[in-house]
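Trainee: Given next are the chains, with one letter for each unit.
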Amino acid sequence: MNDVLELELIVGFIISFTLIGIFVASAKKGNFDDQKKLMDGMLFDSPNDLQAAAEKERKQEAMRAKKQANK
Amino acid sequence: MISRRITLSNVKCTHCQLEFDESVMIKEEPSLHFCCNGCQGVYHLLKEDGLDDFYDKMRNATIAPPIESSNDSSNFDLESFKARYIKTDADGFSRVDLVIEGIHCAACVWLNEKILHQTEGVLEASINFSNNKAKIVWDEEVIPLSQIIEKIRSIGYNAYPYDYNEVSQQAVESKRDYITRVGVAIFGTMNIMMIDVAKYAGFFSGMDTNILHMIHIVEFIFSTMVLFYSGWVFFKGAYYGLKNKIINMDLLVSGGATITYIYSLTILFGAKGHSYFDSVSMIIMFVLVGKYLEVLGKKSAMDSMDKMKSQIPLEATVVENGVKKVVMLDQIKVGDIIEVKNGEKASVDGQSIVDVSTFDESSLSGESLPVEKRKGDVVFSGTINTGTVMRYEATKNYANSTLSTMMNLLEDSLASKPKIEEVTNELSKYFSLTIIVLAILTYVGWYFFSGDFEKSLIITISVIVIACPCALALATPIASLVGISWATEKGLLFKEAKFIETFAQATTVVVDKTGTITEGDLTVRSQSAKLDSDTLNLLYSLVEASTHPVSRSIRNYISGSVEDIKILELEKIEQLSSQGVQAFYQGKKLLGGNAKLMETQGILVKESDHTVYHFAIDGVLLSSFELEDSIKEDVEALVNYFKSIDVEMVMATGDHANVANRVAKEAGIEKVYAEMSPIDKAEYISKLKEEGKRVVMVGDGINDTLALSKADIAIAMGSGADVALAVSDVVILNNSLKGIKDSFIISRRTYKFIKQNLMLSLVYNVVTIPLAMAGYVMPLVAALSMSLSSLMVVGNSMRIKQKD
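Chains as they are written, first to last, in our numbering: chain A, 1 to 71; chain B, 1 to 804.
Treat the hints with caution; some may be incorrect.
Calculated pairs, EDC-like style, for lysine to aspartate or glutamate (alpha carbon to alpha carbon, straight line, at most 20 Å) [said to hold, decoys possible]:
(1) A/67 - B/173
(2) A/29 - B/97
(3) A/59 - B/140
(4) A/56 - B/113
(5) A/28 - B/173
(6) A/71 - B/173
(7) B/47 - A/49
(8) B/199 - A/8
Example chain B residues on the side facing chain A (calculated, C-beta under 7 Å, incomplete) [claimed, not checked]:
(9) 119
(10) 123
(11) 129
(12) 179
(13) 206
(14) 796
Rather than coming from a laboratory, the hints here were simulated on the basis of the structure. Quick caveat, the model's predicted, so the values are computed rather than measured. Ideal Cβ positions, reconstructed from N, Cα and C, are used throughout, including at glycine.
Sequences are here, hints too, so could you generate the full structure?
Mentor: What follows is the structure, encoded as structure tokens:
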């Protein structure tokens with residue numbers, strides 16, 4: 001009984017501390033600076049938006065690579 | 001002749017979703033209706049760019065029609081602009097911080113970010129919805145900033161740069177820091193509370209000691225995290241307090257929590273009794289959430305200030321030997337000749353060198369009508385040229401000009417606004433010191449008396465736990481919370497709880513006139529002679545040709561009283577600066593305007609204390625309209641209330657003495673100060689404070705901001721300027737004067753209960769501490785009675801709302 005409890009506690013700790021670690025890291029990065037946008041963001045998700053986000057990433061990578069090459 | 005029936009239809013603009021007058025509708029396909037060319041243009045632009053998703057995302061939101069901007073975006077490419085606002089990162093990309101004007105909803109943010117991301121050369125565009133600030137990173141070799149700004153303007157928004165200074169950076173970092181600490185505190189406390197369910201169930205039904213020990217270990221881990229990570233701010237505060245020889249609430253909170261934590265540790269390591277790890281994390285969490293709300297309030301005040309600063313003109317046109325050149329504000333020298341176009345703001349103070357011009361000084365004086373400036377008259381920075389192009393000579397540089405001085409004064413007031421010392425802090429200073437001394441005495445006394453270390457420690461902990469300042473710490477905030485929630489129900493927003501105390505002690509209330517005592521809209525009070533329908537059509541067509549507030553009021557008056565109005569096609573319409581409008585219809589000369597206009601045309605009119613609009617055809621005066629800014633309905637009740645509670649009411653306004661005296665007389669206000677500049681008002685408030693009075697200032701315009709920031713309590717009406725709302729302590733959302741009366745009633749009653757709570761918690765301590773010192777109270781009972789004392793305070797506070 002105690003062994004099971006101990007195991008459950010260890011697993012629980014690992015999961016919860018991982019989550020709180022992600023929360024702290026994202027807050028420090030500024031993800032919660034604009035809570036209003038964060039909340040509305042959930043309503044705004046659509047396949048088109050995801051596609052646009054991926055395109056944005058690709059564009060940023062390309063621009064950075066081009067800038068490096070020019071240097 | 002064009003004949004249209006003026007009716008308000010239910011047609012909604014396809015772009016901005018606002019209802020508009022059918023007479024101005026631009027119709028395309030059967031389902032496309034636009035209120036203006038701007039909306040039509042933006043709609044097609046978005047459709048071409050594949051961004052028509054915007055309308056789905058808007059849902060039921062409305063937006064303002066596109067802003068027509070006269071600013072020349074090429075100024076954003078000036079070297080002096082780049083030096084001041086643009087930063088270059090390590091990769092060689094440029095970065096600028098902008099405030100985007102016109103953002104109303106999440107869809108606006110989506111649209112702006114989307115259109116910028118689609119723009120070639122823009123690496124990153126991120127807009128903060130809460131404060132409308134945007135961070136743009138782009139490659140200057142691909143696209144200049146002016147084109148990015150043009151892109152924003154093309155979809156109906158506008159952008160201004162702002163200095164992302166160290167203070168703003170600190171505010172952002174402080175907010176992030178508090179979010180993580182509050183998040184961790186809530187996370188830790190919730191976990192402990194879940195585990196506590198098992199612990200308390202076991203307390204009554206029995207529990208294996210190994211399992212209880214395991215629960216204590218889990219509680220220990222979470223509460224350690226909460227106490228030393230989330231509660232770090234209190235330890236820091238306590239340390240700096242002690243360094244400056246101040247015993248503050250941070251010391252009480254951190255001290256109380258640490259002692260409870262140490263006691264619980266002794267239980268964890270084998271001592272008998274109950275652990276209080278849950279109390280440790282709860283004390284930290286509740287107090288930390290309160291602190292976080294304070295940080296949010298301060299940050300929002302700073303955001304509003306940034307918004308206002310961003311509207312300061314960036315540059316000015318200086319004329320040197322007949323050659324015009326655009327320079328940054330700090331390069332303007334005294335003696336420079338500055339040219340200001342229609343709609344532009346004067347950048348520095350100076351003296352007019354043209355015969356006549358008009359300026360909108362509402363941002364400084366609150367005067368709603370444009371002010372005429374003749375040769376030699378002073379032109380103030382920040383005022384808008386409402387006439388044709390004019391020139392003036394700079395008499396001050398930018399740093400010494402009115403606008404810059406006001407900004408600096410405001411910043412100082414925001415930074416150094418004296419914090420009202422809370423009654424609890426004053427009491428707790430001595431209280432906590434006394435408890436620490438008593439605890440030491442108890443330990444020393446019992447150790448010498450019994451020689452038993454453990455017993456002495458247990459009794460000492462009982463003293464500290466029973467005297468833990470929970471009730472004392474709760475006495476003010478819980479009563480304030482009830483008071484504030486009551487106030488919120490009535491449309492009153494107290495920005496910080498402590499304002500209740502100062503409010504309750506107020507002795508003098510200073511009110512502004514326009515928008516506070518009066519409605520702030522001109523309405524027609526009387527008409528000297530009735531006009532037949534044909535003449536009314538002529539008058540309506542004449543006022544329709546002008547955008548002046550007086551013409552607008554006459555237009556509203558006619559359309560509100562007559563159903564069928566025809567707009568006639570007038571000829572040779574001429575706006576006569578500061579006087580009125582002249583036009584011709586089928587050879588007849590129409591004149592509409594003030595007494596000065598009539599005099600120049602040889603028409604005699606009566607003098608009046610009010611604003612009067614005269615209408616004449618072919619030199620014959622047909623009718624005169626007397627206008628007034630009507631007094632709000634509930635002024636009399638407010639004046640009587642202040643008299644009944646012995647609070648002095650004073651009216652301070654920038655308006656003319658005649659108008660101010662008439663309004664004060666009608667309202668029943670005995671003390672009036674007229675023709676006061678914003679600085680005069682602020683000095684008057686400071687003088688009252690020097691006399692020992694507690695001053696409440698009520699205002700709504702930017703011109704009141706300085707005085708508001710000087711007052712002990714600043715109240716802004718909800719419809720007021722952003723910056724006035726930012727420096728205010730209390731905001732009256734429903735814009736009603738009854739709100740001021742309610743604020744007084746609520747704060748006075750809440751303050752009474754705060755005092756009662758403090759008394760209750762002190763009596764509790766006076767009774768229980770001697771019992772604990774005598775060894776009659778075990779730590780468990782001490783903790784229980786401590787909780788009961790808190791409940792007592794909470795219960796008493798709930799009574800605040802009972803009498804409405």
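Trainee: List in ascending order the numbers of the hints, as given earlier, that are violated by the structure.
Mentor: Hints 1, 6, 9, 13, 14 not satisfied by this model.
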